[in-house]
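Residue numbers (this note's numbering), protein chains in the order written: chain A, 68 to 711; chain B, 68 to 711.
Quick caveat, the hints were computed from the structure, so don't treat them as lab data.
Just so you know, not all the hints are guaranteed correct.
Put simply, identical chains are the same to the list, so a pair is met inside one copy or across any two.
Said to hold, decoys possible - With a straight-line cut-off of 25 Å between C-alpha atoms, the simulated DSS-like cross-links for lysine-lysine are: (1) K705 to K539; (2) K238 to K339; (3) K131 to K658; (4) K339 to K539; (5) K383 to K250; (6) K539 to K250; (7) K195 to K302; (8) K131 to K69; (9) K705 to K440; (10) K69 to K250; (11) K112 to K130; (12) K383 to K238; (13) K238 to K440; (14) K130 to K114; (15) K539 to K383; (16) K259 to K401; (17) K401 to K238; (18) K383 to K339; (19) K69 to K705; (20) K302 to K658; (21) K401 to K539; (22) K114 to K339; (23) K302 to K131.
It should be emphasised that the depicted structure is a prediction, and the values quoted were computed from it without experimental measurement.
There are 2 protein chains.
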Amino acid sequence: MKHTITFQPDNITVTVDQGENLLAAAANAGVYVHAFCGGDGVCGKCKVIVEEGEVRADKATLKKEEWDQGYRLACQATVMSDLVVRIPEITTAGGRALKRKPKTTRTISARSLDTLIGKWDVDPPVAKLYLELDPPTMDDNISDMQRVMRGIRQALPDTPEPSYDHPELIKELPFVLRESDWKVTVLLLHGKREGEPDRIIDIEPGNTTDRLYGLAVDIGTTTCSGVLIDLNTGKIIAEASGYNAQISYGEDVISRIIYAARPGGLRALQEKVVSTINTIIDDICRKMIISPADISYIMAAGNTIMSHLLLGLDPKYIREAPYVPAVSIFPLTKAAGLGIQAHPSVRLFLYPCIASYVGGDIVSGVHACQMAKSDKVSLFIDIGTNGEIVVGNSEWMVCAACSAGPAFEGGGIQYGMRASAGAIENFHIHHETYDPMIVTIGRIKPAGICGSGLISIVSELLEAGVIDQQGKFNKGLDHPRIREGRDGWEYVLAWGQDSLIGEDIVITEVDIDNLLRAKGAMYAGYQTLLESVGLTFDDLDRVILAGNFGAYIDLERAICIGLLPDVDRDKFFYLGNASMLGCQISLTDVKRFRERVHVRQLMTNMELSENTEFMTHYMAALFLPHTDMSLFPTVRDKLPERSV
Amino acid sequence: MKHTITFQPDNITVTVDQGENLLAAAANAGVYVHAFCGGDGVCGKCKVIVEEGEVRADKATLKKEEWDQGYRLACQATVMSDLVVRIPEITTAGGRALKRKPKTTRTISARSLDTLIGKWDVDPPVAKLYLELDPPTMDDNISDMQRVMRGIRQALPDTPEPSYDHPELIKELPFVLRESDWKVTVLLLHGKREGEPDRIIDIEPGNTTDRLYGLAVDIGTTTCSGVLIDLNTGKIIAEASGYNAQISYGEDVISRIIYAARPGGLRALQEKVVSTINTIIDDICRKMIISPADISYIMAAGNTIMSHLLLGLDPKYIREAPYVPAVSIFPLTKAAGLGIQAHPSVRLFLYPCIASYVGGDIVSGVHACQMAKSDKVSLFIDIGTNGEIVVGNSEWMVCAACSAGPAFEGGGIQYGMRASAGAIENFHIHHETYDPMIVTIGRIKPAGICGSGLISIVSELLEAGVIDQQGKFNKGLDHPRIREGRDGWEYVLAWGQDSLIGEDIVITEVDIDNLLRAKGAMYAGYQTLLESVGLTFDDLDRVILAGNFGAYIDLERAICIGLLPDVDRDKFFYLGNASMLGCQISLTDVKRFRERVHVRQLMTNMELSENTEFMTHYMAALFLPHTDMSLFPTVRDKLPERSV
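Please work from the sequences and hints to get the whole structure.
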């Protein structure tokens, strides 16, 4: 149920879901409210007056007098109806009432790409076929396997004869047939490509056609996720995820490659990711009360290093120039052969990679969003430590990886952290008082800064003139929150008494430098790829954000710092976990699955690490938003004049 | 070098190879010579006079006077030039000189089918391709496997992209490529069927194209043989064979099936045949100083039970009506997976079977002789304990097995033995004295009777009137060799003093009954199959004898007893080890190999065991040669009148 909130005195209207937190609603609407404690209710600053409508809130947090006047703590109030909410004017230390200044920045999210992903059929790459066979007689004593093949031929007269090669299958066949009174269910794996014959991977007694499941797996460097799909209905029926247990051997792909070079290291890494997948299978099967042996296909995607490690391939040469993977199109593998708990003949499909740092997760995502089926030019972006970029349409695609560094995941930032409870995810600054409005994940006291928070903070500081376009602090501002700290100049986001960790949480010039390098690498990547095909940002029809990051990113702010190009906001879409999505679609619809071959063939990798154009663009992008302000017209218009 | 021998006084001329034994030459020419000791030189009966030409012989075996007159012991004489040899007239006990009686039976062997097998190319189903790849650079850093694939595509532009699925191959690839300085040899396995893409089964450092070997294996119930072929030249370069080690668990297929049902029995049988093959590989590799890993393909054929046991498939239902094998088209299997010492990705192809008792050995033989490519109607016969019969041409083929019993292999015959040293292989009887002329394998004292000897003996006894057409002895003949023994009437082939075993070697009525049943089953099989397609023996263009037996069989005598049909002798051909031959051809020429699919599809099995027509024909065939003498016109003409 949606409700409309009108924030006064600026008359800013926003629509939110019932149950939304009022502070978060204000922050997203770009309405500044004093809020120092992240939403924990302890600082008591975020008092607002609910003039019309109903919120759910706790009386105990306010004096009775204030309560009766309609005051509420925004961070403790839950939206229950349409509201008119008044933000009190704030008073400076000097007793002068300061008008709130209407903000230009409100959260604009990219739209979900759901409608563009297209429909898919429930026609999975595995199928079950129930056969009632005639028992053999003296006049009809062909072999058991031939009898099954004849049954299949009669049931599917227009299909080429399937193959079979699983030794256990034919060993057990005579007994399965006789114990089931010649009534069996054949599990057929469709060919990876059109026209290839099916392969018989199992023959089960009786009619088991109602049980047909597939598992989609996203193998992330940090997190692995699994989704169980009922392949008879196409519906997701269970999900599970967990940290990739390889994390104990290193946080990022490079440390994993280094570990793999140690004696036994490769094997240990392979076992860890397999055990992670097995835990996911366990969780899912326990929830659904099915057996792992009921899973008939596993479709997975991961980056090139994760894919190599899962298959036990040495990633050694991925790290050394010229960065060559052992294999980029992985053979269809028996999952049980890798140690995955699965029926012995069930196959694991792993999305092909393009290059050492453009992996199967990207191919899966590009496949999912059907870039390769549209004549519109899309820019596909996966922001992360290793940023991946794809530009193209149905006729051509170029892709590249750029090493952005870990800033977006909180790495290299003094108070950086992953996007978990306590992370500052939204931030506003009052343009006169320079006081912050902080919203944390989980509405608890702040513990640090996550990627989306970092983008918010830097763009707000820039717009407020606290930092200049080089990311340097305006040392002329006399404010206790702007100070010279141990590592140079910094802004205090939260004082120790308002923070979860009991110490001041700050953002430093060093942090901002790291963000500049990260966003600069991404932007330079877009430019280099576009130039390589003779295009500019104006030629883009769509900008597609992959990864969960896309759902939380504030477009205006991301554009403001120069992380995303300054194009029409309506061109932005987000895909969510694109890698998983591709696996799910492929698992459900074999026709879509087969299109991946074309997608992969279309994608041409460009190596940016020693590319001189890229380096030039990168240097020019180490500015907020960019040294060439003509690339960011909307940002130019709103930045304080002095810093242009 | 060929020499002509003229035997006097009957002026019978024969052409033999230099070095041939004179007694054997006489026996094959149908010239009766006294010879009781099989060729051992001890009985001293086989004196002949060499009137012209030269033999090599030992003076010590004769008195000087006889030697000077030109007498020689035929069994000790080796033909060295053209000869005129006089057979002395023999003297009966009564002092009356008996003229030798010219014989009508001389050995007529089927012609070798060599010319009809056709030619085949050296274009084996595996190929090696040497590639010198460009090392990767930053501008060209596709994955190692893609680099190999690109190399293949450039070398073979018109071939579909090969597949790869061997985990070790891709695991080792990065190291193989770099250690060999990007110069490698790719081992490609061509698709089993036309149009299927190749499969990469190995990538070796450097140029190894000069080493490409294939192994053809014939898996017999008794004997296994292997032939190593240099697939670059198509030449056989080594051979080895040995008893199938399963023999310790039973002589025939039925006893193997029974043993397989015991706990651990199947596994033990599988291990035995694998160890037999491994011994053959060892022998061959040691001879040729190659490694088993240099063998790039193994192509094998065996009967249905042998094929099941090799793959570890339970043959249980093969023995129980309605006699159903588990599988008849065997999947291409990794040889190493079965325990065979081979490169881990080398495949073992096993010829498909038709039915429980018409196995891959027969399909291989039928494939080898190209019956399926001719419009001529052929009758293909493999005589043995389990006799297999195929009739057909390029448009249709029917086949059947008939359980002939072990008589042809010496089984069920009191003094029966396998065709090894000491076995009587040729036999003539003097039509007046009823004395024998015995030739043994190895020219040593007789130890027993092998299959071809048995046929000789029975046909000679029949023609001489010693037995009648029911196989019963003519009790009116007063001769010490014709007597009533422990098991009924018998003929003494060798007295104890002339035999290797020190006791009289005899043939009994029971032996002859067993032979009647064996040959009756075969003949009834031909008739039933021909009738099933509306043909008679007159419609046959060729009779093809498979198995080594065919090379030793005396056509006239085999026809005389009714084992082979009484058709034009020029229609008979022998294939030798047809099963092995098919494997060799398939291993050498992939085009011929692919034709096997058509051959197998053409062959329709007929079950004779409960077939009433077969039973009727069988009963009628329990006669020498047959109750219907119109089927055997040439035999009718030469049998003694009294017995017709």
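Open item on the list: Within a copy, between copies, both or neither: which one fits K401 and K238 at a CA-CA cutoff of 25 Å?
Closed with: both (18 Å within a copy, 16 Å between copies)
Task: K302 and K658: within-copy, between-copy, both or neither at 25 Å Cα - done: The answer is within: 17 Å in one copy meets 25 Å, while 48 Å across copies does not.
Task: K130 and K114: within-copy, between-copy, both or neither at 25 Å Cα - done: within (12 Å within a copy, 141 Å between copies)
- [ ] With 25 Å as the alpha-carbon cut-off, assign the pair K383 and K250 to within, between, both or neither.
- [x] between (51 Å within a copy, 20 Å between copies)
Open item on the list: Please sort K705 with K440 into within, between, both or neither, judging by C-alpha distance up to 25 Å.
Closed with: Neither: 38 Å inside a chain and 86 Å across chains, both beyond 25 Å.
Task: Up to 25 Å CA-CA - K250 versus K539, copy category - done: This pair counts as neither: shortest intra-copy Cα distance 76 Å, inter-copy 55 Å.
- [ ] Pop the pair K131 and K658 into one bin, within, between, both or neither, using alpha-carbon distances up to 25 Å.
- [x] Cα proximity of K131 and K658: none, with 65 Å in one copy and 96 Å across.
Task: Status of K69 relative to K131 across identical chains (alpha carbons, at most 25 Å) - done: neither (30 Å within a copy, 131 Å between copies)
Task: Intra- versus inter-copy proximity for K539 and K401 (alpha-carbon distance at most 25 Å) - done: neither (55 Å within a copy, 66 Å between copies)
TODO: First find the shortest C-alpha distance between K339 and K539 inside one copy, then the shortest across copies, and answer within, between, both or neither for a cut-off of 25 Å.
DONE: neither (44 Å within a copy, 81 Å between copies)
Open item on the list: Cα distance capped at 25 Å. Does K705 pair with K539 within a copy, between copies, both, or neither?
Closed with: Answer is within; shortest intra-copy Cα gap is 18 Å, inter-copy 122 Å.
Open item on the list: Treating 25 Å as the Cα threshold, decide for K69 and K250: within, between, both or neither.
Closed with: neither (54 Å within a copy, 67 Å between copies)
Of the numbered hints listed earlier, those contradicted by the structure are 3, 4, 6, 8, 9, 10, 13, 15, 19, 21, 22 and 23.
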